[in-house]
Amino acid sequence: MNAHNLDTAHHVTIASSSTTDGRDRTPRPTDGPSNTRRVRTWLAVGDLALALGVVFLVTIMVDGTGGLGNVMPFWLGIAGALALVGTLWWKNAYVVTRAVHWNGDFGLLATVVVGVTASMILFAWLVEEPPQRTWQLLVTLDWLTALAVLRVFISRGDRAMAEPVRTIIAGNTLDALAVRLALRSDPRTVYDVQGFAMDRLDDKAPEMVHQLALGRIDHLPHLAKKGDAQLVVVCLGAIEAEQFANLVRQLNVEGVEVALSTGLGKIALKRIHLTHASGRPLVRITPAPLGGWHMRAKRAFDVVGAMVLILLASPVMLLTALAIRVEDRGPALFRQVRVGKGGELFTIFKFRTMVRNAERMQLDLTNDHDGPVFKMEGDPRITRMGRLLRKTSMDELPQLFNIVKGDMSLVGPRPLPVHEVDAAPASFLDRQAVKPGLTGRWQVSGRSDTGFDQLDELDRWYVDNWSLGQDLEILARTVPAVLLARGAR
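Each step along the sequence shown adds one to the number in the working numbering, with nothing skipped, and position 381 is 381.
If you are wondering where the hints come from, they were derived from the structure by calculation, not from laboratory data.
Keep in mind it's a predicted model, so treat the numbers as computed, not measured.
From the three backbone atoms N, C-alpha and C, an ideal C-beta is built for every residue, glycine too.
You can take every hint at face value.
Within a straight-line C-alpha distance of at most 20 Å, the following computed PhoX-like cross-link-like pairs (lysine-lysine) qualify:
#, residue 1, residue 2
1, K405, K350
2, K91, K270
3, K350, K391
4, K405, K341
The calculated label-pair distances, taken between Cβ atoms and stated as ranges, are:
#, residue 1, residue 2, range
5, L311, P281, 50 to 56 Å
6, E163, L264, 26 to 32 Å
7, G330, L181, 47 to 53 Å
8, G406, Q250, 55 to 61 Å
9, M307, F153, 34 to 40 Å
10, A426, L309, 31 to 37 Å
Model the full structure from these sequences, guided by the hints.
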């Protein structure tokens, strides 16, 4: 059994079988054509060639043509390249799909590269043949870069060759439309939704639903055979358990794969585990690791990262504070009470970007956004220096001191003022399970270009699926978001 991560619905796939006449009609596709052995083999061969090439070229760069053995034992480079490819194969990293993902594909790649390189270096020290430090660093970085670039190119080429998976969705109107949207927007596989199977068709349903209605759910085997469907997605609750089991058997006999849309929402795949009790399949969802050593590791990372950034940015912060003071002789820092983890209040520090009576002026201004979060295009309260600071996100730098104090984290939900939290729905409180962050999913997803509902959804997804890997992904995405000033106002 496989579990596929979709945009708005998870589905559990029940593997299909060959037909009674001996013809294997098992659909290639629910993971896309990239899962063929040929593509996986060629990608592994490409990785091995790149890994060996990197070892050879880095050795020449470090030591010239004087001899491979001067900077590293040659056998170590070959063994490392083989171990790298072998580990990636073992971790199923050669299942390339229509898109590569920072937190999935690249995260695994980085983990394996660093792990294999560290193991190489440790073993070399044990046998007293350690490679030069320059060689160690260059091999690690070049392995990661070369293998990541190869995946991007293969993913783009594979996307153009992908054959759509012929799909029928069974469920009520709302569930069927939600699954159709999830399938159509899934970045990993191309789905061709042929239509809907539903027992009741609402007269008020959109015209598209009437056009795509194929028939009743109990007619699915006939509908799938007629349309040569490869996949049938059944929405949870559409039919009784016994009817579903019979449907799976009938469709599997015809070589059609069946998936159950669980309606779990946006839950990270790593939290979903398939198991069984006395032969009955169970979908087990583990909680996000929001306690114990995970949070201690996050806190240590926050403190070290914030201290380093303060040291690097201190000259810029001093000049910025001076420029703000010169512009209107007001205070350089803006202080405001925000809501932190568990609803605790704290004072946030930012460089002042508005005139001194900005909060009183807000009463006479119009909010451009839905919901309680105030945003306005061309806000007249922002000073000239303030526009530059907001455009470059430099106004956020003093929050590094909030991170050192323990009020905030490098990555987390957006810290909101008390009045905005008070006006938010009760579900908004879920985001308070972790500390607010200097950056987060909202900041790398368009910032002011995103509405309140999307802000709430992004922050809750972060909390529900937190991991240190996700934090690293967001930090990596923050750099281009700041440089390109996406959504900055």
